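Student: Sequences are here, hints too, so could you generate the full structure?
Top line first, the protein sequences correspond to chains A and D.
One point on numbering: in the working numbering, the residue at position 10 of the first sequence is 10, and numbering is uninterrupted.
Heads up, the working numbering is the position in the second sequence plus 1000, with the first residue counted as 1.
Please note that a few of the clues may not be correct.
Said to hold, decoys possible - Derived pair list, reagent style DSSO-like, types lysine-lysine, alpha-carbon separation capped at 27 Å: (1) 71(A) <-> 1089(D); (2) 1073(D) <-> 78(A); (3) 1127(D) <-> 48(A).
Simulated from the structure, these hints should not be mistaken for laboratory data.
This one's a predicted model, so the numbers in the text were calculated from it and none came from an experiment.
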Amino acid sequence: MKCRELADFLMDYVSGELPEEHRAHFELHLSRCRNCHEYLAQYESTVKAGRIACGEMSDELPGDVPEDLVKAVLAARKLDPAK
Amino acid sequence: MGSATPVDDEAALIAQLRAGDESAYEQVVRTYGGRLLAVTRRIVGSEEDARDIVQDAFLNAFKSVGRFEGNSKLSTWLHRIAVNAALMKLRTRKRKPEQSIETMLPSFLEDGHHEERFKSWDEPVDKALERAETRQLVRAKIDELPDGYRTVLVLRDIEGLDTEETAKMLGLSVNATKIRLHRARQALRTMLAPHFAASGGGKATP
Ligand SMILES: [Zn+2]
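Tutor: In structure tokens:
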């Protein structure tokens, strides 16, 4: 397996979906190629970084919803109630 | 972080919504509005559109709460409504033609080796992301991804939907969805690398 194939299989490998027959080749290459090893680590770190930056604990979303949005939703609902 | 109060009795809350209890509506908006706003903003890339979408999503949800089935969580249901509306908005909006992602994917030599020597990152990401400005940077880079890739990344890696559901929402095949996610992650890695591997290349912050 070459670095090129390894890069293609990366996602399936990370999610545990890489079929057994590729897996052995993948891991053999990985054990011998520092560059692919590093690339895999960065790929996983990237996914993690996205999750953390936008996730549950993200500072982008203060627990409080903008007050005007709350008011707008409640006012609009009254104008057009369900029943 | 003063995050939204978790709802521990969702069934009761839903019953209140169905009964038209005003305080229940307000509780739902306050509890789920922040995250809905964030994901919608991430998809459409505009605060103003995001607010409109979230507002409509709540109104639609309140109207159809009678049809809400208890087999999914209220938050999941709300997210689905808002995300669908956001994707619709993105589709109808005339945007610049989709930028190519090719230049942000790894390139290979003829013999199949990587062209680039990857410099290791300075610290574990969870450590780096303890800093607010790094979290901000990561979000900004996600926002720079072309629409068709950013949406897949947001739905899969951030919203946590599975491939099948993501494919369905985007009108893509499962295979196309997987390819897009893989490319989106690779492109994001390329964008983050200069900031995370400061040694050697010099600090690449503007
Ligand atoms: Zn390699």
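Student: List in ascending order the numbers of the hints, as given earlier, that are violated by the structure.
Tutor: No hint contradicted; all consistent.
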